[in-house]
Each structure stands twice: as C-alpha cells, then as structure tokens.
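As they're listed, the protein sequences go chains A and B.
First residue of the first sequence: 1, per this note's numbering; consecutive thereafter.
First residue of the second sequence: 1001, per this note's numbering; consecutive thereafter.
Please keep in mind that the hints were generated in silico from the structure rather than gathered at the bench.
Here a beta-carbon is modelled for each residue, glycine too, at the ideal position from N, C-alpha and C.
Among the clues, some could well be false.
[Stated by the list, open to error] Just some of the chain A residues that point at chain B, by a computed CB distance under 8 Å:
no.: 1; residue: Glu99
no.: 2; residue: Gln361
no.: 3; residue: Gly362
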Amino acid sequence: MPADARPERIVVVGAGLAGLRGAEAIRAAGFRGSLTIVGNEPHRPYDRPPLSKHVLTGQVAADASQLPSSLGDDVTWRLSIGAETLDREARRLRLSNGETLPYDRLLIATGTRARPWIHADEAKLRNVFSIRSRDDAASLRATLAAKPKRVLVIGAGFIGCEVAAVCRELDLPVCLIDSSPSPLARALGHTIGAYIGEIHRGRGVDLRMGSEVAHLEHADGRATGARLKDGEVLSADVVVVALGAVRNTEWMTGSGLSADSGGVDCDDHGHVLDESGQPDRSIAAAGDVARFPHPLYGGRRVALEHWGHAVAQAEHAGRLLVGEDLPVPYAALPNFWSIQGDMVVKSAGLTDGADAVAIVQGDPADRRFVALYGRAGRCIAAVAVDSARWLPAYADKVASGAPFPPIDTATDRPLREPEIRDPGFA
Amino acid sequence: MADATLLKQVKDFANRANPYPIYARLRQNPVSLQDDGSPDGTWVAASHGAISSLLGDPRVSSQTLPPADRPRTGNPITDFLIKPIKDRITDHHRPFIFRDPPDHDALRAAVMNQFTRERVQGMRERSDRLVAELLDAKRDARRFDAVDDLAYPLPVTVICELFGVPREDEPQFHDWATQLATALEPDSLTDDDTRAKNSRTFDTIAEYMGSLIKDKRRHPKDDMLSGLANEATPTGVKMGDYDLIATSILMLVAGHETTVNLITNGLLTLLRHPDELEKLRADPARAPRVIEELLRYEPPVQFRTRTTLSPIDIAGVTIPEGADLVLLLAAGNRDANAFDDPERFDPDRKGTRHLGFGGSLHYCVGAPLARFEAEAALTALARRLKNPRLVEDPPPYRPGAALRGPEHLLVAIDGMA
C-alpha cells in the first residue's frame, strides 16, 4: 500500500519507554488496526532511571518500576524476541525466532544496550556487572546488599557516578575509575566535572581520574580486582562496568536505512532516512536510537539518551505514523537529570561544542550551583547541581539562544559579571 | 493604553468582596506598569504564565522590606546607641519569606526538617478532634460565625501546639499576628504609622519568643520550637537566636492569618454553590479536590510582592531593575490560558496547577497543614451544619487585599448534627 493510505498494521520494535509511549500515542491518535510491540526482554515496559539509584539502595524493588500504561488488551506483545532484519521493500520484519512480521507502519524504538567491558571473557565473570535491564539491577542489588568489601566502578559518566553514590549511601567502600580528568567530563567538561568530583570525594568515593583499567584480575570465575595501565592493582569484590551505551541498530543492516552505531538518521519530522537521504514515510524512530536534526543546534543530528525526550519524541513519532498532520518539526529542549546520592544534577540543552562556562548562581563551595554554557556568544546549555528550581529560568535562555555571558544579577549571585571559564572539554 | 489605576482598585477596600473583574482587566496585559501612588509605579504580573515564570526567576528577589527604622523615642541613648543596633539586627535576620538564597534555603531547610511525618500525622488527627470540639461547643446554636467559631481557632491552636506555644499565651498572638500580617500589604511598607506599629509589635513578640526559646533550651519538649532551638539539620545548619525568633514569628503569623481565610472562603464558596456542598456531604473523599479548587478559585493569599535585581524582558515589556513587582496569584488562577472555564468553581477540573500556595522556592511551607486543616473543617461543616444559610452575602471583609478573607461569616443553621 502507498505511504499515504490508511495503515492497518503498525509494529513497534522496542518495548522500552519510547516504544510504550509511541504505541499509546498511536492508539490515542485513533488508530484501531493491529498493533504489535516487539521487545527482546521478557518484561513489559518498565522505567530504567530507578535501576541505577533506588533499586540499588533497596528502597525500590527491581520489579516495581513497571510503567503505567493506557494501552488496553488490543495490543499484541511479542516479548523475549528481537528484530533480526528489516525488509523495507516487502515491509516485513524478521524476528529472532524466525517468524516474519508484516507492517504498514513501523516505529523503531530499539534504544541502546550497555557498552560491554573491553575483554569479553572478563565481562562474563560472576561479579562483573553492567546496568541496563531490570535483571542487571536486581542481581547487582543482591550483591551490594551482601556488603562487599570494595566496589570498583569503571567509567565516571552519569551511571557510574550514580552507582558510586549509591555505594556510599550503603556505606560501602567504592572506587570510581575513569581515563578522563574528572567525573562527567565528557558530558559537562572538566571545569564543572571537577566540582562534581569534589562532591563525590567529600562523600568518601575513592576517585581515580586519569586512570585506565588494563585488565580485570580474576580467580575461580570471579574478579578479584583490576590492574591499571600504570601497573597498580586495585582489589575489589564487585566490579561495575559503566562505559556508556551502544545503540541497537545492527538489525537494520542491509535494510538500506542510514544507520550505524550512533543511531538511525531521521528527518526533522521523525521519519527515518535511507542511505541516499530520502525519508521512508512508513517508518519513524524515537528515543535513544533516533538521530534527528535538532533545530536548536543548527540542524545538527543528535541522538539523546534522555527520559523526557524519549517520551516526547515517541508521542510525536506515534502521531506521525498514524498520519496526523504535525505542524512543527519536533524541537523540544533536551533535558536530563541524574540523582547521585543526595545530589541532583539537572541539565537543559546540550553542552556539545561549548566554548565557555560560567557559574551564574550559587557557589560550588556550597555544593549548590547553576552553570551556564555558551558557544559563540549564545547560551547553549545549563546545568543545575542541587538547584533544580532555578533551571527553568536558564532553560529559557537556552531555548531562546540568549547572549552569553548573561549580565543578570541573581538572588544569590551579587556579582554582575560572572567569571567566564574554559569548560574543559577534551 | 491599558488602565493604570487597576492596582489601586485592587487595594481599594470597596472592591474587597469581588476583586475578580479587576483581575480580569489586569490580565489583558500579562505584565503591566500600574500607578499606585509610588514614585516609579508598581509592575503587576497577572497571567498564569508570567507569574509562574517570575516566581522561578533568579532575577526576582523577595527582599522587599525597606530597612528597619524604629521610631525615635527622644531618649538619646536609645535613639543613637540601641536603635541602630536593633535596626541592623532586624535587617540581617528577616523572616525567610522576605529573604533570598542562600540564606533563605538554609532557614527553610531547617524548618522543613522539623515537619516530620509523625508530627504532621499527629496534627492531622488532632485537627479532626479540634474541629469536633469546636463544633460541639455550638451544638445548640442557631447561628454560627465560621470565623470566630472554627476557622480562626483551629489553625491557631494547631500552629501553637506544633510550635509549643503555651495555650494560655495564645490570645495575645491574635493582635500581634493581625498587626504583623500587614507587612504583606504593599501600602503598609510606606505608611510610617503602620511601620512604627509593626516594629513595636515585632519587638514585643520577639521578646516573648526569645524567652520561650530559652525555656525550650532548658526544658526541650517534642515540639518544633524545641527542635529548631536544639537540633541541627542533617547538613549541620543550626539557627542563631535572631533567625530563630524571626522564623518562629513568621510561622506563627502565617498560621494565624492564612488558613483561616482558606476555611472561611471555602465555606462561603460552598454555600454559594449548594450542589457542591451537598456533593461533599455525600462524599467526604471529594475534600482534596474541593480544597485544591478553592486554592485556585479563592486563594487566601491573593498576591505577593517582589523586587527585580536585573531588567527582565517578559511578555513584550521590560521590567526595569529595582522595580516593585506584584505577582497577582489570584488573577493567574483564573487565566483562561491555564484553566478551562476559569470563572467556574469546579472541583472536578483536571490537572490544575493553581498558584494558591505560590510556587518555586517560596512555595508555602505550611501547605500540608493548610490542606488537612481545611479538609477537617470543611468535611465536618458539610456533614454537621443543618440547612446552613448565609446571613449576609457578601460578608464583611478584613482590611487586607493580599491576605484577603471575611472578618466574620455568619451562617444561620437549623442545628448541628
């Protein structure tokens, strides 16, 4: 059938947050045909943010984060099954159990998986964990509850910092290792990352920045520690690998779509693009896997691993597939939060390409502040550490591309001109 | 050109019973400069969007009080030695409703730390018993004043017990609180007579609180003042005496001057919408919806004042630096851009984001108390008042335009169940 005819069969690949919200939007937009959701985990969609926080402290059970849903019984769930290949010519999806699934419209929401440890044999050790799924979090929780003597967290991105903070909340000795000069340096730059590192250090995290793990030491199928590249050996009885995420796009190989390990490319409406850059109007993508041109960032294609973004983009993509006429390209301001112990880091906008940063409110010495990032004289991102209430005001500056540096006086910032610093991106 | 006298009309006592038509006219310009007699005028934000944005804007300060300036006494030692010190202390230790971060945050956190689950739950149960006692006392009456007989004594007793103010001392708080609450009325800040009275009242109440705090240090009890006087917060903050005095005065005044209006405005609104009163009687579980809608429809705090630290571009105008700003919460609550059919009292409306408790970092600390006190009072009134009728509509109002509510609310009844 042509792309503009009314669809009868819609398939959603990916049963995470974006897949669920996309499916709900498809139903909410009035689609009454057959709707199938394919997911490679055995569970109905659940919320992932608690997995690296309250699930690990034991305040929330791993299986308690099921997402509420407005979907009724008129949805076919194909769980524990992955997508293998995509035949866009025939509009068929081949599944990992050999079945084929025809579609009129397809929503791609396959998200990401945890980037595995560099040595596959060491990744299989019983006490080496990564956190992506509910089952990962449940087994790490059980291990942490048994009071290990020392936890080693490899990778000081958001997940690594959250896990390290959880360990301190549980009063467990923890060592956080990263080759960057400070935690979150890739996301926030070294200048702000250093402040966040100080907060973690103050809470008792053993920070090993600028260090790289060469190998995990092991005996009897269990890691006993890590050998650093400089030869030092750190003992540990739990290792958490938090090296970021890899996008699940392998199954699109051979489909002719423009997809690689960085995501699948979309146009500004959310339709996926083929290798010649033409949109396929029967397919949309949403969530972590979708790389789309963001109007706020000069049309540069970005793939965002943000919760709120997954919801908003999936709703947009769902309505798009049903044929709703959506006037504006999807353009919500990216935002993100991370709870690290009792510290809350929230951000609005993207720091990529920032050439300057300024503390515009609060004081890192008080462990509460707002940092504003600028590029070429415009505000491009704001990061609030334990100051979330102020973020909307700065998000407005980012959304409107207000001049940087700002010349405002704020309530707890009597200085009229903030100090402009190099954000410290490598 | 928009009418610049609207803020004057809001303050005019003649419009106290129904300021909403004036708010609607103010809302035609989300932010406007009003001529209220002050040299530079006062900027008024009246739309939901503008108010929400300004409540969370770091360029907007709550430090609106002019420097303390106690009246001279004629005694040179008092006037030239003691007065400047006292004025300076007052300026540096304002209640946190008039302060900005970071001091505001530390003081507020210390208070929040005392609002323990047990304490709040305990007062919730106590409220239900208090309401029952207060209504039992009027069991045989055929006329009932919702203010004197319930809406005033309930929150006052709750806040005094919570803070550990001895019951026998409570009556003196009545006049003190009424006087100090004028600090939230913009014109009082420029009126020398009111300012003189306020500073005298503040000194009197501060003296009382100072000795009460000493007593709480010597004989700590399980109340908030004992907790604030003796315990540090988890982040190690412990209030000094001057901040403790200012903070407890703030809590006690707020406890005296706000919830009373929520309960009274609540009963008044329900009596004007008898079907809603009947629905609440039939289903007390509706109370939380009714109360949230009341906070939107007739909020006890109609507006708050602020000042700007930097010029602010908003809604097509630029508020200059150092401007006086009124955030007209009650007008934002009836903004059609935020609420469908905003002039209708409708507890069943969905997704309300009313401004009845303000917003952002100065969001009402006592909101949970106000909610359960209003719930206790309104559900009991709906259940127990037999055939209630308004004796006077509109009822007589108290003077305040910011803290707005009836002075008395006389209700004729056929009895009390």
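Each hint tested on the structure:
{"no.": "1", "hint": "Glu99", "in the structure": "violated (42 Å)"}
{"no.": "2", "hint": "Gln361", "in the structure": "holds (6 Å)"}
{"no.": "3", "hint": "Gly362", "in the structure": "holds (7 Å)"}
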